[in-house]
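Undergrad: Using the sequences provided together with the hints, build the complete structure.
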Amino acid sequence: MELYSLNGLKEILNESVHKAELYDKCNWFITCLLKRTTLNDKQKDKPDNYFANISSEELKKFLGTRDYKPIIEMLISKGIITRNDKYSKGKFSKSFAFTEKAIKMDKVQVEVQSKSFAKRLSEINDKEYQETIRNPLFKRILENTIKLIIVEEEDYYKSELSSLTEEEMNNEIDPDEKLKERWHQYNRYTSFYDEFTALNKVEEIRQLIDSKVYQKPIVAKSGRIYHTVSSIPRLIRRSMRAFGGQYLWEVDMSAAQPTLIMLEWLKVANESKEASLIRSLILNGKIYSHIQQNTTYFKPMEYGKLKKEVLQGLYEEFISSNRNKALKTLFPNFIDWVNKTKKGNYKTVSHIGQKLEADIFVEVYKKLPKEMFSLIIHDSILCLEQDTNAIKELLIKRTKEVFPILISENLDKLFKVSIVSIKDEDLLQVKNERLMIEFIQREKLE
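Just so you know, our numbering puts 384 at position 384 of the sequence shown, and the rest follows in order with no gaps.
Fair warning: there could be bad hints in the mix.
Lysine to aspartate or glutamate pairs mimicking EDC-like chemistry, simulated, CA-CA at most 16 Å apart [stated by the list, open to error]: (1) K416 - D387; (2) K328 - E274; (3) K139 - E123; (4) K286 - D252; (5) K367 - D387; (6) K35 - E143; (7) K216 - E58; (8) K416 - E393; (9) K10 - D106; (10) K221 - E357; (11) K19 - E111; (12) K139 - D85; (13) K104 - E123; (14) K107 - E195; (15) K61 - E123; (16) K370 - E143; (17) K216 - E143; (18) K397 - D359; (19) K61 - E128; (20) K69 - E21; (21) K69 - D85; (22) K35 - E58; (23) K400 - D359; (24) K147 - E204; (25) K397 - D252; (26) K340 - E264; (27) K328 - E309; (28) K35 - E2; (29) K139 - E371; (30) K212 - E195; (31) K101 - E11; (32) K216 - E131; (33) K78 - E100; (34) K107 - E204; (35) K60 - E21; (36) K416 - E371; (37) K89 - E58.
Computed spacing ranges between beta-carbons, pair by pair [to be verified]: (38) S122 - P404: 50 to 56 Å; (39) K325 - E409: 28 to 34 Å; (40) R66 - K91: 22 to 28 Å.
None of these hints come from the bench; they were simulated from the model. All C-beta atoms in this analysis are idealised placements derived from N, C-alpha and C, irrespective of residue type, glycine included.
TA: Spelled out as structure tokens, the structure:
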């Protein structure tokens, strides 16, 4: 069994660690903190001192009631981690982050040295495995997760992450230095890539539980399902196929969150030009393009930033922001309703959107045939090409059940079908040796 560590950690700890088990426990904490960073897709926009919550209950379970506090204090005293002592009982726990010193140390993989600690980890993972597979929905997610394989080399995502702007090229910025500056994002990508590459030939769910990027499936209050695949970065997902080399496809809802919030408003809205416009934008999948083309605030933004800014305009606490005002110039009555709904608890609108999303996508996912390869990722379903039309039809049907105002409408443009995986010809255009070629050759030999 392996854990993550930091290159040089053992020398830094030096005399503080006399037993192999204590060193293993330090590495477990390093792994846990890296894992929190890896699984949280919001961290890519955070600074390097990103804090992650780790509860005392979890620390006690893995490190022991007597050991967990001394281990934390030792890592703090050696300048490896820092701690935020703010917490709220029943809401959030204390949080931790790597120091600048730790960030400059390379991440390495090390074997667990203590037999007793290896046994402890194995027993905890065995118990978690048994608990998880008792839930048919979770079991299906794990069964399909293990069918994913990496077919692209790591240079693919590295080149994307380290690509330089024209200004950076003029200033002779080193691409490798840029990667180091984006430490958390780069770590997130390397962790998923390395772990799924290691799982390429693994077919047992139990082995997935031992992965350092494994996330136990959970159902949030909204009904959303969070699991390992829902956290995989886009570039890593593009590097994947289903076992056997089949392309991954997805069926998703166009501008899902704005669409669902707008549909909720249409339930109570009076007939008006604004309501007709919003209805038309939803049916034609044109919400984001309309916003960009008709406001000076959103017009210069690239698509990724545009989506983020629109969602923040809908969900943020402050209703006097420039993005909220810009949206109000286009949809005055809708944004008035959004802002009034946020009074008292600004998170209400985002909760509405996520609950509606789950009411459509999770319910459809539950009804898909067990033998069909499929994975739910919030507002999309990952599948094989031959199943895209059937899944799309089920999503359309469910959307009309949730929103009877759409019962007579054509929702074909509301849901998009697209390929996720890099195609063979695009893999072959790159000069580096390809994992896909190696995989196909191995299959022929076997």
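Undergrad: Determine for every hint whether it applies to the structure shown.
TA: Going down the list of hints, with the structure as the test:
1. K416 - D387: Answer holds: K416 to D387 is near 13 Å, not above 16 Å.
2. K328 - E274: Distance of about 11 Å is within 16 Å: holds.
3. K139 - E123: violated, 19 Å
4. K286 - D252: With a Cα-Cα distance of about 14 Å, the restraint between K286 and D252 holds, given a limit of 16 Å.
5. K367 - D387: This hinted pair holds, its Cα atoms lying about 13 Å apart.
6. K35 - E143: violated, 21 Å
7. K216 - E58: Holds - the C-alpha atoms of E58 and K216 are around 14 Å apart, at most 16 Å.
8. K416 - E393: holds, 11 Å
9. K10 - D106: At roughly 13 Å apart (the allowed maximum being 16 Å), D106 and K10 satisfy the hint.
10. K221 - E357: holds, 12 Å
11. K19 - E111: holds, 15 Å
12. K139 - D85: violated, 36 Å
13. K104 - E123: Since the Cα atoms of K104 and E123 sit roughly 34 Å apart, the hinted pair is violated (cutoff 16 Å).
14. K107 - E195: holds, 14 Å
15. K61 - E123: Within the cut-off at roughly 11 Å; holds.
16. K370 - E143: Status holds; Cα separation ~10 Å.
17. K216 - E143: holds, 13 Å
18. K397 - D359: holds, 12 Å
19. K61 - E128: holds, 12 Å
20. K69 - E21: The hint holds at about 15 Å.
21. K69 - D85: holds, 13 Å
22. K35 - E58: holds, 14 Å
23. K400 - D359: Since the Cα atoms of K400 and D359 sit roughly 12 Å apart, the hinted pair holds (cutoff 16 Å).
24. K147 - E204: Given that 16 Å is the threshold and the Cα spacing comes to 10 Å, the pair holds.
25. K397 - D252: Distance ~14 Å between K397 and D252 Cα, so the pair holds.
26. K340 - E264: With Cα atoms ~14 Å apart, K340 and E264 stay inside 16 Å; holds.
27. K328 - E309: holds, 14 Å
28. K35 - E2: holds, 14 Å
29. K139 - E371: Distance ~12 Å between K139 and E371 Cα, so the pair holds.
30. K212 - E195: holds, 7 Å
31. K101 - E11: holds, 14 Å
32. K216 - E131: holds, 10 Å
33. K78 - E100: OK: K78 and E100 at ~12 Å, within 16 Å.
34. K107 - E204: violated, 27 Å
35. K60 - E21: Holds, at roughly 15 Å.
36. K416 - E371: violated, 23 Å
37. K89 - E58: Between K89 and E58 the Cα gap is close to 15 Å, so the pair holds against 16 Å.
38. S122 - P404: 50 to 56 Å: Holds - the Cβ-Cβ distance for S122 and P404, about 51 Å, lies within 50 to 56 Å.
39. K325 - E409: 28 to 34 Å: holds, 31 Å
40. R66 - K91: 22 to 28 Å: Given range 22 to 28 Å: holds, Cβ gap about 27 Å.
This entry does not satisfy hints 3, 6, 12, 13, 34 and 36, going by the numbered hints stated previously.
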